[in-house]
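*Asks:* Residues per chain are reported as follows:
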Amino acid sequence: MCPDRQLISSYVDGEVPSPWKERIAEHLASCPDCAKAARRYTALAGGLAAIPGSDEAASLTRLRARLEPRFSGIERRPREGGFARGPQGRYIVLPLPIAAGIAFFFLAGFGAMLAFSPSAMASRAAMRSMAASAAELQARPVSSLEAATSMEDLLSMLDSQSSPITLTIQLPAGTTLRDSGEPRIIRAPARDEPKTGLVPVSVPAAAPTAKAQEDSP
Amino acid sequence: MFFQSDGPPNEAELRKLYEATAPMLIRVAARIVGGSEAAEDVVHDAFVRLVERRMPFPSLDDAKYWLIRVVKNGSLNVAKRKGREVRAYERWWRGEKDSSAGSDEPVIKAESADELRRGLDSLPEGLKAVLVLKEYAGLNYKEIGRVLGISEGNVKVRAFRAREALLAKLGEGFGHVS
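Respectively, the protein sequence lines represent chains A and B. Numbering-wise, the first sequence is residues 1 to 217 according to our numbering. Numbering-wise, the second sequence is residues 1 to 178 according to our numbering.
A couple of the hints might just be wrong.
What the hints assert, rightly or not - Selected chain B positions facing chain A (in silico; Cβ < 8 Å):
hint, residue
1, Glu11
2, Lys16
3, Arg27
4, Ala39
5, Met55
6, Pro56
7, Phe57
8, Pro58
9, Leu60
10, Leu123
11, Leu127
12, Lys134
13, Glu135
Keep in mind the hints are simulated off the structure, nothing from the lab. Don't be surprised by glycine CBs; every beta carbon is placed ideally from N, CA and C.
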């Protein structure tokens, strides 16, 4: 009587213990059908192994270079910080610098709008626009509870979601924001500097200019 | 291992883990996602997660199985995102293309290797994961069960079903010895 094909599959994988392994080998030596099944499984394994792969050595070299700073502890991400909340109370943990950075960009955008549109009406429009932008910040539902400890982690996790999620970003309790100086341009192209292809922005002399924060998180 | 309280990571242990697992992880990821750059990203992200979360593992083996699981899941997500379609082929392997007539071992030609790769991609994830871990990570049934969180018996059944599913599409000519 022939063994089950599943048993032959396990035998080819070397997963059948003695004495059954020897008995199957004995059977294969005398049964053409079972021997053919075993050959097909073995040939399949060979075929899968023979599929041309990418340059593994090059991949390993690149991967090692990318990971080396992590292994030596040079790059470390702080675990504590702001958190984002998804539906059903699920949380995405953001480090404080990232949460603060996101808040900064909202405020910097708002500030830039105010700087270039100083009228009260423009300010109200800017505020409505920012509020709309914030309301439109639709992220995709978190399908599993995970703590993203870096923007890289968070983006990778969000990328892996296949359906829209809702993301609420809250700064840690007790976080306060303060005004910091007057906005100013850190660097603008001089008249005699070679053009880089950037479009120059003309700013009225009397209007305050935007400042980029120098102490980035 | 790898981490002590809030101190820096144990470099030696992390490098040892990397040397012991990276080649196999790259092979597994590359086979599932089909490209080296995406495979590197998946494996990179798995190690980064291990380091940043300061994952506690009692042994190198525990870390290895965790990494394989994360790489497997990450690779499947990438493959899904790429929008790979499940395609059925009536016949991939034709006996007349088999130039092994007269030789003892079946030969895989370039176009057939491509078809075999597509066939592997088209397998349901549960079957594909078992076959990839068996053929490219070199894990035994017990280890595969540990990575996937399923029983050894379940692994055995899935390995068999994965093989049969692929062979059904390759046709009767596959593995024929003249």
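*Asks:* A separate judgement is required for each hint: does it hold in the structure or not?
*Replies:* Okay, the hints, checked on the actual structure:
1. For Glu11/B, the interface hint holds, since its Cβ comes within 8 Å of a Cβ in chain A; the closest pair sits about 5 Å apart.
2. Against a cut-off of 8 Å between C-beta atoms, the interface hint on Lys16/B is violated, since the closest Cβ of chain A lies about 10 Å away.
3. With its C-beta approaching chain A no nearer than about 7 Å, Arg27/B sits inside the 8 Å limit, and its interface hint holds.
4. The interface hint given for Ala39/B holds, since its Cβ lies 7 Å from the closest Cβ of chain A, which is under the 8 Å cut-off.
5. About 12 Å separates the beta-carbon of Met55/B from the nearest beta-carbon of chain A, more than 8 Å, and the hint is not met.
6. With 8 Å as the threshold, the beta carbon of Pro56/B stays out of range of chain A, its nearest partner Cβ sitting at about 14 Å, so the hint is violated.
7. The criterion of a C-beta within 8 Å of any C-beta in chain A is not met by Phe57/B, whose closest approach is roughly 15 Å, and the hint is violated.
8. At about 20 Å, the closest approach between the beta carbon of Pro58/B and any beta carbon in chain A exceeds 8 Å, and the interface hint on this residue is violated.
9. Using the Cβ-Cβ criterion of 8 Å, the hint placing Leu60/B at the interface with chain A is not satisfied: the shortest such distance is roughly 15 Å.
10. A least Cβ separation of about 11 Å between Leu123/B and chain A goes past the 8 Å threshold, and the interface hint is therefore violated.
11. A distance limit of 8 Å between C-beta atoms decides the matter here; for Leu127/B the minimum to chain A is near 12 Å, and the interface restraint is violated.
12. The criterion of a C-beta within 8 Å of any C-beta in chain A is met by Lys134/B, whose closest approach is roughly 7 Å, and the hint holds.
13. A least Cβ separation of about 5 Å between Glu135/B and chain A falls short of the 8 Å threshold, and the interface hint therefore holds.
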